[in-house]
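Guided by the hints, dock chain B with the ligand onto chain A, whose structure is given.
First to last, the sequence lines map onto chains A and B. Sequential numbering from 125 applies to the first sequence in the numbering used here. Sequential numbering from 34 applies to the second sequence in the numbering used here.
It is worth saying that the hints were derived from the structure and are not from the lab. Treat the hints loosely; a few may be bogus.
[Claimed, not checked] One-sided excerpt, in silico: chain A residues whose CB lies under 10 Å from chain B: (1) Ala260; (2) Ala333; (3) His336.
[What the hints assert, rightly or not] Straight-line C-alpha distance at most 25 Å; calculated DSS-like pairs for lysine-lysine: (4) A:Lys293 to B:Lys96; (5) A:Lys273 to A:Lys293; (6) A:Lys293 to A:Lys387; (7) A:Lys319 to A:Lys293; (8) A:Lys421 to A:Lys387; (9) B:Lys96 to A:Lys273; (10) A:Lys273 to B:Lys140; (11) A:Lys293 to B:Lys140; (12) B:Lys140 to B:Lys96.
Keep in mind the model is a prediction, meaning the values are calculated, not measured. Glycine included, C-beta positions come from ideal geometry on N, C-alpha and C.
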Amino acid sequence: MTLSGATAICGFGSSEIVRRSDRSITAFSLDAALAALEDAGIARDEIDGFVGAPWAPNAGAVNADGADEISMVAFARAMGLKNLRYTADLYQGYSTDMVATAAQALASGRCRYVLGLRAMYNVQGVSYGTGNAEPAFGNEQFTKPFGYKIGGARFALRINRYMQRFGMKREDLYEVVALSRRHAAANPLAVWRGKEVSLEQYMDSGMVAYPHCMFDCDMPVCGASAFVMARVEDVPGSANPAFVSGLAGCHQPLEVFDMSGLKREDVGLCQLYDGFSSMVYEWLENFGWCGEGEAWKFVRDGHANADGRLPVNTFGGSIGEGRLHGIGHLREAYLQVTGRAGARQAARSDNCLVQVGPYDTGSFVMLSREAR
Amino acid sequence: MDSQRPVPMPNAETAPFWTATAEARLSLPRCNDCDRLFYPPPPRCPHCLSDELVWEDVAANGKLYSWTEIFLEAVPGIAAPTLLVSVELAGQRGLVMHMLAHEPRVKDLPLGSAMSIRFGALENGVRLPYAEPAGDAA
Ligand SMILES: [Zn+2]
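The following block holds chain A by itself, in its conformation from the complex:
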């Protein structure tokens, strides 16, 4: 059997997104989950599957359940879930991996309604982005004494090399930030809604790791989004389904097209991971929307704008909305494909590609308006 078109996201919900909060990650998670159930038209006790990706990936994470992470165990208790047949918490996974896992659990018949949850939290009183002076164990022996993972340094190394090879400047990187802020203006959840950044502000702002400045980073936030997934025949009549037509992991990325039977031209828009601004270039080039070393021109020349050839991050991305680590990208794809993106609705939204994760990891989902 094929997974393509066998399952659908049938509802999505989100908490508010704020930069700091006195409420716990559990409270934000419940807000998102309850909104998702209402949107899908599913009762709490019908939920018999759960998929999460509860990891706080920042260098300053406290990695404490109920603080900056929320486990299935803690969440199920808080929500009073009692009928779970299938659960998975995906270590170092992304929202796209959550969809793949849910699709497989549903297709195998293990469960009927899966709740997917991703929550992020900016813990007060700790430095979000910097580490401490503990011994460096395991793989950290070769990263921590050099700051390799601080402030996205490893991504800064990658884009600085790219810039030098292809003649790109920081003024060009600004175009990704400008696009994100423009698109965020139409996203009611976005923390940077209505806050445009001029080139002058950008060039004058504090650096994080050259060439990335503050504006190139997504802002740590408190917030959560959740969704309900079901087999196509189980989607409630009142719900707005987006069919899961393609899935892929980073080792075989083209499978997202092969599984869905779609070509690049069939994809109306993309939601591309942007933990740092420079990341949006990766898959525009790898999937052939532009040649190697040309994605920065594609963005600069307006082709990724809401009214461009291939709208990218129509909700503002993580850079415009806040650092929900890819669940915002999935939510936007769902809203676009179901025609519910309001002022952000793209002209061509039958098929939306979602990519979440840095260049060397992550995964892909294709959502489609029609079951394929």
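Coordinates of chain B with the ligand only, in the frame set by chain A:
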């Protein structure tokens, strides 16, 4: 200054690397079947899965692959900003090591410039490698 820099805690796979750096040598494991060197040191060759990796001293130089200057407190014990460089080892295409550099002039060098890998002061039994433009006095 008391260094609070994170201290690498060697294990069976990585100890020969740190033992060598303590003696100011760069030593890496090679899979003789695949004729490849690896960094960081793996338990087995990731290609053929052989565990017969042979340590060998390699020339501590290479080419500038990329750099970034980190303005956060990136490394405890080292004041920001921190210059992090990637060095592609000489004759080892694709074998890139990341380490600090202390010479700001690195930022003005074109990609591919010759770099030397040197070793810092012995602390907690370990010398951490750092990079500098080739030709600078050690
Ligand atoms: Zn081998």
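Structure-based check of each hint:
For Ala260 (chain A), the suggested interface contact is upheld, since its CB lies about 4 Å from the closest CB of chain B, less than 10 Å. Against a cut-off of 10 Å between C-beta atoms, the interface hint on Ala333 (chain A) holds, since the closest Cβ of chain B lies about 4 Å away. Satisfaction of the interface hint for His336 (chain A) is found here, the shortest Cβ-Cβ separation to chain B being roughly 8 Å, below the 10 Å cut-off. Using a Cα cut-off of 25 Å, the hinted pair Lys293 (chain A) and Lys96 (chain B) holds, with the two alpha carbons roughly 23 Å apart.
A threshold of 25 Å between alpha carbons decides the hint, and for Lys273 (chain A) with Lys293 (chain A) the separation of about 23 Å falls inside it, so the pair holds. The straight-line distance between the Cα atoms of Lys293 (chain A) and Lys387 (chain A) is roughly 32 Å, outside the 25 Å bound, and the hint therefore fails. With a C-alpha separation of about 23 Å, the suggested pairing of Lys319 (chain A) with Lys293 (chain A) holds against the 25 Å cut-off. A C-alpha spacing of about 23 Å is found between Lys421 (chain A) and Lys387 (chain A), which places the hinted pair at or below 25 Å, so the restraint holds.
Using a Cα cut-off of 25 Å, the hinted pair Lys96 (chain B) and Lys273 (chain A) holds, with the two alpha carbons roughly 22 Å apart. Only pairs whose Cα atoms come within 25 Å are accepted, and Lys273 (chain A) paired with Lys140 (chain B) is accepted, the gap being roughly 20 Å. Pair hint Lys293 (chain A) plus Lys140 (chain B) holds up; C-alpha atoms about 15 Å apart against a cutoff of 25 Å. For the hint linking Lys140 (chain B) to Lys96 (chain B), the alpha-carbon distance of about 13 Å falls within 25 Å, and the restraint holds.
Hint 6 alone, counting from the list given before, is not met by this structure.
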